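Engineer: Okay, here's what each chain looks like letter by letter:
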Amino acid sequence: MIDNVIKFEENTIFKLRYLYRKHGYLPYQMSKFEEYELYARNKDFLVSDRVITFNDTNGKLMALKPDVTLSIIKNGEDVRGVKQKVFYDENVYRVSESTQHFKEILQTGLECIGDIDVYDIYETITLAAESLSNISDRFRLSVSNLDLVYSVVSNACPDTEFIRKVTACLAQKNAHDLKNLCGAYGVREEDYRKISRFVSLNGTRSEILSEIREIAAGETVGLMEELSALLDASAFSDQITFDFSVTGDLNYYNGFVFNGFIDGICCGVLAGGQYNNMMRKMNRSSGAVGFALYLDRLEDLKHETVPYDVDCLLLYGEDVRAADVAKKVKELTGAGKSVSAQKDIPPKLRYRELVDLRKGGVQK
Amino acid sequence: MLNVALPKGRLGEKVYEMFEKAGFECPSIKETNRKLIFENEEKQVRYFLVKPSDVSIYVERGAADIGVVGKDILLEYSPNVYELLDLNIGKCRMAVAGKQDFYDDGTKVLKVATKFVNIASSYYEKRGRDIDIIKLNGSIELAPILGLSDVIVDIVETGTTLKENNLEVKETILPISARLIANKASFQFKEEKIKQIFDSIKEQIKTDD
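Just so you know, the protein sequences line up as chains A and B, in that order.
In terms of the working numbering, the first sequence opens at residue 3 and continues consecutively.
In terms of the working numbering, the second sequence opens at residue 29 and continues consecutively.
FYI, nobody ran anything at the bench for these hints, they're computed from the structure.
None of these values were measured; they are calculated from a predicted model.
Quick reminder that beta carbons are idealized off the backbone N, C-alpha and C, glycines included.
Treat the hints loosely; a few may be bogus.
Said to hold, decoys possible - The calculated lysine to aspartate or glutamate pairs, modelled on EDC-like cross-linking and capped at a C-alpha distance of 20 angstroms, are:
id, chain 1, residue 1, chain 2, residue 2
1, B, Lys221, A, Asp265
2, B, Lys223, A, Asp179
3, B, Lys36, B, Glu185
4, A, Lys283, A, Asp265
5, A, Lys167, B, Glu153
6, A, Lys181, B, Glu67
7, B, Lys221, A, Asp240
8, A, Lys76, A, Glu99
9, B, Lys42, B, Asp227
10, B, Lys49, B, Glu67
11, B, Lys223, A, Glu209
12, B, Lys119, A, Asp265
13, A, Lys76, A, Glu37
14, A, Lys283, A, Asp80
Claimed, not checked - Beta-carbon label-pair distances, calculated as ranges:
id, chain 1, residue 1, chain 2, residue 2, range
15, B, Arg157, A, Thr101, 38 to 44 angstroms
16, A, Glu191, B, Met29, 26 to 32 angstroms
17, B, Glu153, A, Leu63, 24 to 30 angstroms
18, B, Glu192, A, Glu301, 30 to 36 angstroms
19, B, Tyr105, A, Arg19, 47 to 53 angstroms
20, B, Glu153, A, Gly185, 23 to 29 angstroms
21, A, Glu333, B, Asn108, 34 to 40 angstroms
22, B, Ala91, A, Thr101, 15 to 21 angstroms
23, A, Gly26, B, Asp160, 41 to 47 angstroms
24, B, Ile173, A, Asp265, 48 to 54 angstroms
25, A, Ala42, B, Gly175, 41 to 47 angstroms
26, B, Asp160, A, Glu192, 44 to 50 angstroms
27, A, Asp265, B, Lys136, 53 to 59 angstroms
Start from the sequences and build out the full structure, keeping to the hints where you can.
Structural biologist: Structure, rendered in structure tokens:
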């Protein structure tokens with residue numbers, strides 16, 4: 003019973019802190035509040051644009067943090083050659099999709115900001131995979147490359163509305179609407195075939211790469227090959243796949259983006275990727291890659307339910323001396339049991355055994 | 029075990045036949061009783077019969093791995109799911125309808141009665157038309173007849189109900205048909221089985237064409 007005192011989410015945080023520290027990521031502490039203007043300027047970057055605001059004593063409009071990444075970028079250094087590697091576990095405040103009320107959400111994650119290279123991307127992706135493996139053996143990390151998708155789609159038709167709609171179709175693996183869309187925009191058959199491959203591609207990373215070589219070439223494909231080769235040697239190679247249904251807002255994200263799933267949880271639990279475009283928007287010259295793990299979603303995992311609240315319910319009455327109660331509690335807790343000392347049986351308390359110290363009381 | 033949410037009613041029966049042809053039969057579903065869950069242990073498949081508008085909720089929340097739902101529901105509620113296939117059945121259209129003598133001259137706010145608030149709002153927003161939405165849950169056709177609204181936005185199959193109530197289609201918003209959807213997380217872990225169903229149903233659609 004006492005072993006269950008640490009919640010699964012808390013235990014996961016401890017493990018992940020150790021993992022991130024091991025790879026040189028430093029803990030990032032921040033205030034719960036941030037000036038609202040930061041979020042107002044970057045609403046589309048947020049999961050939800052609704053934010054809890056209040057006026058500080060100096061009249062400034064402040065917000066309870068709905069996001070961590072924006073604060074890290076804002077407060078981080080932007081010096082050439084400097085690479086900042088940080089991790090966090092923080093509560094953020096967002097509107098719940100189901101209740102439409104604000105909710106406190108525990109989120110952990112890491113950010114690598116600076117001169118990002120393929121090693122940093124590899125490190126972030128493998129740390130994302132290892133984070134998931136700390137939660138369950140049955141996980142998948144789906145990786146896409148927005149630069150590749152954007153180059154093929156914009157080559158077919160540069161219209162921004164077309165690109166937005168194609169991205170939506172890819173996110174849904176929706177080949178039928180994609181076909182109609184390409185028809186409506188007068189996309190050439192040859193280009194449509196290339197775009198539709200992004201929906202139908204499946205298999206191992208190397209199988210997908212060989213198909214990608216048929217529709218695109220250049221630096222991005224080279225980067226995907228290099229990353230895949232690095233991942234081949236990682237412990238989680240089989241669980242990391244290429245999947246072009248992973249998308250992101252091109253105003254903020256670029257290059258590699260990824261989503262993590264755990265069997266038994268109905269939606270993605272981890273999201274991340276490169277966000278150089280967001281850095282440019284915030285007048286930063288360096289690049290960035292990172293991810294967030296939504297710990298509140300781990301509640302969906304089916305854990306062994308504990309049939310009792312306490313091992314022992316210790317009942318005592320006016321006739322029992324406090325010293326005797328204390329002695330009995332010490333004896334029971336010393337034996338590794340959890341004890342609730344009460345004068346009456348609480349109506350909803352589930353207990354494994356009853357120890358009754360009252361006159362004529364029985365033990366059962 | 030693959031969990032499949034099917035819409036109750038005629039569409040659900042048609043869809044089940046497609047799954048049966050795909051090799052995922054579950055004979056107990058054809059029995060006349062009040063059961064809501066049907067399972068074939070051997071084929072590792074379990075069917076649920078749910079209200080058509082609830083299918084996407086079951087799939088998005090992971091209670092079902094895949095399901096079949098109308099495009100109208102997908103557009104109205106935008107669930108975060110994969111939309112794998114247009115089944116080409118359950119065909120109808122989302123349309124604006126009104127009294128035969130009604131003409132929208134654009135001089136006043138248009139009163140629109142509908143079950144599909146998001147579809148109607150987005151349709152008129154794109155046209156820059158100022159509207160007043162009246163959310164109803166059924167018998168939408170009554171609204172223009174009783175003067176509650178100028179027009180309705182609703183699903184039109186044959187148009188018989190409209191005609192019998194002296195209403196007519198003014199504009200077609202979009203065609204609707206049934207879609208095969210999948211939960212995004214389930215797809216990662218049950219991809220092989222889902223692909224097997226997808227391939228077979230895709231083949232059946234081609235044959236029907």
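Engineer: So does alanine 42 of chain A sit 41 to 47 angstroms from glycine 175 of chain B, Cβ to Cβ?
Structural biologist: 43 angstroms, holds
Engineer: At the C-beta level, are glutamate 153 of chain B and leucine 63 of chain A separated by a distance inside 24 to 30 angstroms?
Structural biologist: 29 angstroms, holds
Engineer: Given the hint that lysine 221 of chain B pairs with aspartate 240 of chain A, test it: the Cα-Cα distance must not exceed 20 angstroms.
Structural biologist: 19 angstroms, holds
Engineer: If I claimed the Cβ atoms of alanine 91 of chain B and threonine 101 of chain A lie 15 to 21 angstroms apart, would that claim hold in this structure?
Structural biologist: With Cβ atoms ~18 angstroms apart, the hint holds.
Engineer: For glutamate 333 of chain A and asparagine 108 of chain B, compare the CB-CB distance with the range 34 to 40 angstroms and indicate the outcome.
Structural biologist: With Cβ atoms ~54 angstroms apart, the hint is violated.
Engineer: Tell me if the straight-line CA distance from lysine 36 of chain B to glutamate 185 of chain B falls inside 20 angstroms.
Structural biologist: Distance of about 18 angstroms is within 20 angstroms: holds.
Engineer: Measuring from beta carbon to beta carbon, are aspartate 265 of chain A and lysine 136 of chain B in 53 to 59 angstroms?
Structural biologist: 55 angstroms, holds
Engineer: Hint says 26 to 32 angstroms; check whether the CB-CB distance for glutamate 191 of chain A and methionine 29 of chain B agrees.
Structural biologist: 41 angstroms, violated
Engineer: Taking the Cβ atom of tyrosine 105 of chain B and the Cβ atom of arginine 19 of chain A, is their distance within the range 47 to 53 angstroms?
Structural biologist: Violated, since tyrosine 105 of chain B and arginine 19 of chain A (Cβ atoms, about 38 angstroms apart) do not stay within the stated range.
Engineer: Taken at face value, is the distance from the CA of glutamate 209 of chain A to the CA of lysine 223 of chain B at most 20 angstroms?
Structural biologist: The hint holds at about 17 angstroms.
Engineer: Quick one, are lysine 223 of chain B and aspartate 179 of chain A close enough, alpha carbons at most 20 angstroms?
Structural biologist: Roughly 19 angstroms separates the two Cα atoms, so the pair holds.
Engineer: Can the restraint linking lysine 42 of chain B and aspartate 227 of chain B be considered satisfied, given a maximum Cα separation of 20 angstroms?
Structural biologist: Within the cut-off at roughly 17 angstroms; holds.
The structure is inconsistent with the numbered hints 4, 6, 8, 12, 15, 16, 18, 19, 21 and 23, although it conforms to all the rest.
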